[in-house]
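Chains W and U are the protein sequences, given in the same order.
Using UniProt numbering, the letters of the first sequence correspond one by one to residues 1 to 192.
Using UniProt numbering, the letters of the second sequence correspond one by one to residues 1 to 192.
Think of the hints as simulated: they come from the structure by calculation, not from any bench.
Note that the structure is predicted; figures quoted are calculated from it, not measured.
Do not rely on the hints blindly, as some may be mistaken.
Think about it this way: if two alpha-carbon atoms lie no more than 30 Å apart in a straight line, the pair counts; the simulated DSS-like pairs of lysine-lysine are [unchecked claim]:
hint: 1; chain 1: U; residue 1: K73; chain 2: W; residue 2: K25
hint: 2; chain 1: U; residue 1: K74; chain 2: W; residue 2: K168
hint: 3; chain 1: U; residue 1: K98; chain 2: U; residue 2: K69
hint: 4; chain 1: U; residue 1: K73; chain 2: W; residue 2: K168
hint: 5; chain 1: W; residue 1: K134; chain 2: U; residue 2: K143
hint: 6; chain 1: W; residue 1: K143; chain 2: U; residue 2: K143
hint: 7; chain 1: W; residue 1: K49; chain 2: W; residue 2: K25
hint: 8; chain 1: W; residue 1: K98; chain 2: U; residue 2: K168
hint: 9; chain 1: W; residue 1: K168; chain 2: W; residue 2: K70
hint: 10; chain 1: U; residue 1: K134; chain 2: W; residue 2: K143
hint: 11; chain 1: W; residue 1: K192; chain 2: U; residue 2: K192
hint: 12; chain 1: W; residue 1: K192; chain 2: U; residue 2: K73
hint: 13; chain 1: U; residue 1: K192; chain 2: W; residue 2: K74
hint: 14; chain 1: W; residue 1: K192; chain 2: U; residue 2: K70
hint: 15; chain 1: U; residue 1: K49; chain 2: W; residue 2: K192
Okay, here's what each chain looks like letter by letter:
There are 2 protein chains.
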Amino acid sequence: MAEQLTKEEILDAAEQVLRRFGPEKTSVVDVARALNISHGTIYRHYPSKASLREAVAERWLHSIIQPLKKVFKKECSSTERLLLWVETLIGIKHSLVKEDPELFSMYTSLAEESVDVITAHISELVGQIIPIVKEGMANGEFKSADPETAAKGIFIATAKFHHPAHAKEWASPDIDAEFRMVWDLILSGIIK
Amino acid sequence: MAEQLTKEEILDAAEQVLRRFGPEKTSVVDVARALNISHGTIYRHYPSKASLREAVAERWLHSIIQPLKKVFKKECSSTERLLLWVETLIGIKHSLVKEDPELFSMYTSLAEESVDVITAHISELVGQIIPIVKEGMANGEFKSADPETAAKGIFIATAKFHHPAHAKEWASPDIDAEFRMVWDLILSGIIK
Numbered sequence: 001m002a003e004q005l006t007k008e009e010i011l012d013a014a015e016q017v018l019r020r021f022g023p024e025k026t027s028v029v030d031v032a033r034a035l036n037i038s039h040g041t042i043y044r045h046y047p048s049k050a051s052l053r054e055a056v057a058e059r060w061l062h063s064i065i066q067p068l069k070k071v072f073k074k075e076c077s078s079t080e081r082l083l084l085w086v087e088t089l090i091g092i093k094h095s096l097v098k099e100d101p102e103l104f105s106m107y108t109s110l111a112e113e114s115v116d117v118i119t120a121h122i123s124e125l126v127g128q129i130i131p132i133v134k135e136g137m138a139n140g141e142f143k144s145a146d147p148e149t150a151a152k153g154i155f156i157a158t159a160k161f162h163h164p165a166h167a168k169e170w171a172s173p174d175i176d177a178e179f180r181m182v183w184d185l186i187l188s189g190i191i192k
Numbered sequence: 001m002a003e004q005l006t007k008e009e010i011l012d013a014a015e016q017v018l019r020r021f022g023p024e025k026t027s028v029v030d031v032a033r034a035l036n037i038s039h040g041t042i043y044r045h046y047p048s049k050a051s052l053r054e055a056v057a058e059r060w061l062h063s064i065i066q067p068l069k070k071v072f073k074k075e076c077s078s079t080e081r082l083l084l085w086v087e088t089l090i091g092i093k094h095s096l097v098k099e100d101p102e103l104f105s106m107y108t109s110l111a112e113e114s115v116d117v118i119t120a121h122i123s124e125l126v127g128q129i130i131p132i133v134k135e136g137m138a139n140g141e142f143k144s145a146d147p148e149t150a151a152k153g154i155f156i157a158t159a160k161f162h163h164p165a166h167a168k169e170w171a172s173p174d175i176d177a178e179f180r181m182v183w184d185l186i187l188s189g190i191i192k
């Protein structure tokens, strides 16, 4: 139990130190100092500076997408649920950038240092779209297709609105109209 | 006529100097020196360093998309033409990155310095999709809709494969399969 507590405490401290000094200047020694422990204690939990940064990024990515859970509790059609899920994800990302662009950029750079962290994050997100797509196929709203392929397609086709590489474009006054253009295509396609 | 020639010559020289020294270290004086003229002569054509960089970026963006023209000459269905257009654009961008990632990154940063240059480039590209969409609507392959909205939607939904912010992802072994997932959605949508 103490073990568990300490891991979270280390991440809390690492997060504070990273926010204060920035990723360039943050060392494991700084984090240890903030906790008043030896850096050896940190290395027992996180064998390298990289693994500590990775754990901070992982926890942040996991925490920011918690509001997506509410989408699964709503009584609505699958088409509405799919839109609600995508709009909730977009809303989360856009608010984070609006509130504190530097902090958002710091966390996304930390995450981009680790392919595994990014891959796990995308899998978690696509993994949430899949049941919505399956639900819609089962109730006859959506065409039959491979649910995972469809879910990935939806995730990638909406990248402009949630992928951090586009964060600077989210302040555009056209962004909502642009999302609508993409969403209409995803729903109906262009072929007759 | 000499005026015309000189503008192109200035851009050629600016391009060479930018490639050699990089955007950080390139000054108008360096470009003038390469041409063996006074920097005043350059300022007569390009009133600021920014406008010179903008012109270089603009010419580069315009030149790289020339291969798209061949798409309009092919005898094929509108669905095939649309795919050919998007695949040609993606092919151009991916080869440029593969051939010389630093150079691609230099030109895209230059372009990103000017909202006008980016806006004009996107308008040029979307402006090429519109007639293909119109053609498909006229011959009954595509559903009736606003052609401009559909064209923009197609352009944005495929951003992961041609927007320079995703250049690092283009080397992924999954990229072609991912494009297929998005393309199937664009063509057919998910709604029954």
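Hint check:
| no. | hint | verdict |
| --- | --- | --- |
| 1 | U/K73 x W/K25 | 56 Å, violated |
| 2 | U/K74 x W/K168 | 37 Å, violated |
| 3 | U/K98 x U/K69 | 22 Å, holds |
| 4 | U/K73 x W/K168 | 37 Å, violated |
| 5 | W/K134 x U/K143 | 26 Å, holds |
| 6 | W/K143 x U/K143 | 17 Å, holds |
| 7 | W/K49 x W/K25 | 12 Å, holds |
| 8 | W/K98 x U/K168 | 25 Å, holds |
| 9 | W/K168 x W/K70 | 28 Å, holds |
| 10 | U/K134 x W/K143 | 26 Å, holds |
| 11 | W/K192 x U/K192 | 12 Å, holds |
| 12 | W/K192 x U/K73 | 24 Å, holds |
| 13 | U/K192 x W/K74 | 22 Å, holds |
| 14 | W/K192 x U/K70 | 26 Å, holds |
| 15 | U/K49 x W/K192 | 50 Å, violated |
Consistency with the previously given hints fails for numbers 1, 2, 4 and 15, ordered from lowest to highest.
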